[in-house]
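Enquirer: Spelled out, the chains give:
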Amino acid sequence: DAKTTQPTSMDCAEGRAANLPCNHSTISGNEYVYWYRQIHSQGPQYIIHGLKNNETNEMASLIITEDRKSSTLILPHATLRDTAVYYCIVSKGPHTGTASKLTFGTGTRLQVTL
Amino acid sequence: NAGVTQTPKFQVLKTGQSMTLQCAQDMNHEYMSWYRQDPGMGLRLIHYSVGAGITDQGEVPNGYNVSRSTTEDFPLRLLSAAPSQTSVYFCASSFSRSGIYNEQFFGPGTRLTVL
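In order, the protein sequence lines correspond to chains A and B. Counted the way the working numbering counts, the first sequence spans residues 1 to 114. Counted the way the working numbering counts, the second sequence spans residues 1001 to 1115.
Please note that the accuracy of each hint is not assured.
[Unchecked claim] Derived lysine-lysine pairs resembling DSBU-like cross-links, with alpha carbons at most 35 angstroms apart:
hint, chain 1, residue 1, chain 2, residue 2
1, B, 1009, A, 92
2, A, 69, A, 3
3, A, 52, A, 3
4, A, 92, A, 69
5, A, 3, B, 1009
6, A, 52, A, 92
[What the hints assert, rightly or not] Which bits of chain A does chain B cover? Going by a derived footprint, with three or more residues having C-beta under 8 angstroms, they are:
hint, region
7, 35-46
8, 102-114
Keep in mind that the hints were calculated from the coordinates and are not lab data. All residues carry an ideal CB built from backbone N, CA and C; glycine is no exception.
Produce the complete structure using the sequences and hints provided.
Expert: See the structure below:
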C-alpha cells in the first residue's frame, strides 16, 4: 500500500473550516484514499473515502487532486468535538481481499479551539 | 445492534501469563481484524480474517494467535505475555459489499498492561 504524509498537528477555530492535507505521491491506480479519526482514546471512526472523484457526506468532504498524489479532508464547520487525530490511509479496495489491511500512520492531531 | 464489542476493557498480566482478548460483532461482517496501538503511535495490524475459518498475519503477529470459528467472534490469544505487549488493543470489522467499501467499525479497545 502507498505511504502517506500528514502534518503532525494543526489548529482550527471553532466554526471555521478545517482543511487537513495528505500527500500520497506513490498511490497506484486501484488504491483508495480513506480518512479515519480517533477521538481521545476511543476506537478509530470512519469518516470518508474516495478513489478519484471528490466526495461529500454528512461529516466531511474529500478533495482529491487530479493526479491523485494528494488529498484534503475538509470539515466545513469545526466544533470542539472534532478535536481528534485524523488518519489518511491509502489501501486497495475490498475486491482484492485486502479490506482489513489498513495501515495507520501517526496522523494529524487537530485541535479545535474557541 | 451492539456493533463491535471487546472484553475485558482493562487487564493486568504478569510476564509469562496467557490470556484471550474477546471480540464479537453482530453486523454479519466478513472481515475482522486486530490492531495494537502503543502510546503516541498509530495502529498496527496484528492478524486479520476474511471469513470464518480463514486467518492471516498482519504487520506484528509474533506472540499472538487467532482463530475464526464463527462469523461473529474473533478472539486474540496472548501465548506468553511480555512487557512489550503492553498496549491498547482494538478489534475491527468491515463489510465489503453493497456500496460500503472498507469502512471499518472499531470496538472500544482493551487496555493491557504486562508487568
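Enquirer: None of the hints should be skipped; say for each whether it holds.
Expert: Consistency of the hints with the structure:
no.	hint	result
1	1009(B) - 92(A)	32 angstroms, holds
2	69(A) - 3(A)	11 angstroms, holds
3	52(A) - 3(A)	17 angstroms, holds
4	92(A) - 69(A)	15 angstroms, holds
5	3(A) - 1009(B)	32 angstroms, holds
6	52(A) - 92(A)	13 angstroms, holds
7	35-46	holds (count 7)
8	102-114	holds (count 6)
The structure meets every hint from the earlier list without exception.
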